[in-house]
Amino acid sequence: MPELPEVETIRCGLQRSLPGRRITAITIQRPSLLNNPPRRFRRCLCNRTFGAVLRRGKLLILSLLPDEPAAPRYLTVHLRMSGGLTYTAQARSDARVIFKLDNGMQLIYTDQRCLGQLEVVDNWQCLPLVRSMGPEPLEPNFTLACLMQILSGSGTPIKNVLLDQHKIAGIGNIYAAEALFAAGIDPRRPAAGLSHAEAGKLLAAIKSILRAAIHCRGTTFNNYRDSRGKQGSFVRRLNVYGRAAAACMQCAQPIQRIVQAGRSTYFCACCQR
DNA sequence: AGGTCGACCTGGCAGC
DNA sequence: TGCTGCCAGGTCGACC
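Going by my numbering, the residue at position 106 of the first sequence is 106; the numbering climbs one at a time, nothing skipped.
Label pairs and their calculated CB-CB ranges:
#1 Arg-228 / Ile-258: 31 to 39 Å
#2 Ala-145 / Ala-25: 47 to 55 Å
#3 Met-249 / Ala-204: 12 to 20 Å
#4 Gly-153 / Lys-207: 22 to 30 Å
#5 Arg-80 / Gly-200: 29 to 37 Å
#6 Cys-46 / Gly-153: 44 to 52 Å
#7 Ala-89 / Ser-195: 49 to 57 Å
#8 Lys-207 / Pro-69: 40 to 48 Å
#9 Gln-149 / Ala-244: 28 to 36 Å
#10 Ala-145 / Gly-104: 49 to 57 Å
#11 Gly-262 / Ala-25: 37 to 45 Å
#12 Ala-246 / Pro-69: 55 to 63 Å
#13 Pro-190 / Gln-90: 48 to 56 Å
Subject to a maximum C-alpha distance of 16 Å in a straight line, what follows is the list of computed EDC-like cross-link-like pairs (lysine to aspartate or glutamate):
#14 Lys-167 / Glu-136
#15 Lys-201 / Asp-186
#16 Lys-207 / Glu-139
#17 Lys-207 / Glu-136
#18 Lys-167 / Glu-139
Source of the hints: derived by calculation from the structure; they are not laboratory data.
All residues carry an ideal CB built from backbone N, CA and C; glycine is no exception.
Please model the entire structure based on the sequences and the hints provided.
As C-alpha cells, this is what we get:
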C-alpha cells in the first residue's frame, strides 16, 4: 500500500497532532507486529511524550521526548502492504495496536495483512533497513548524476531498479509504473541501457509524480487512509497502474499487464519504448 | 555479487 | 449461498 507519498501524507498529519501528546495506555491486539517483546514495548512507551514525526523512505519515525534519560528515543513504524496510523477519538474494530493519549484521543495502528512492524529503538539511523537505504528521491541531492550512477552497470530491468529501496528510497509499485509511463520508458529495459536524456526524463518524472501524489494526499486503491481517515485522490490521476486492458490515455492502445520480479507491472507498449 | 523467487499474513472478490 | 483460488501498494532471506 503505502509508498513515499502516502507515508509522507500520514507523517504530515501526525506532525500536526502528536507532538506534546503523552501516551497513557497501550493495547496490543497483535504482538507479532512488534519487533520488541510486548512487555518492553509497553514499558518503554507508557507515559512517554511524542516529539517530531519524521520519515525516511517508507519508514515513519515517531520521536519521543527525552523525559527519561536512558529511555529509547524513537518508535519506528513500517506500514508494509496494508498498515495505517489514524489519530482519532473513535474506537475501531480492526485496531491492531492502540495508543491512548492524554487528551482523550487515540493513535490507532491498523493492518489488514499484519505484515507491518513497530519497533522502539534508541537510534533509527542505525537500523539495518535505514543504513542500507538509497537516496530520498525528493531531496535536492538526488540529481541526474546520482541517478546515472545508480543505473550504470545494472542489467536489471529499470522497473526493478526503481523498486529497490537500497538504490532509491520510497518508490513502490504504483509510482514506479507511473514514472516510467511519464518518461516514455519500457519497464523491461535494462537500467544501464538508458541514455542520458532518458534518465533525465525519468528523474523529472519521479520527482513530479511523487510531488503531485503528496499534493493529492496519496493514492487510495483499497484500504489506504491518511492520519485522519481520509482517502487519497491521486488514484484519479493514474495513467497505467491498475488499468490492464483499458485504453491508454495518450494513444488509446490497451494497457499491458506483465509480471516482473513477482510483481505486476502496467505499461503502454506503444508509448513506452 | 547481483538477481529472482517464495514466504510472511489477511481479507476481498471472481468464478464455479 | 458457499466454497476455492487468486490477488494485493513491501521486505527479507534462501537460492541460483
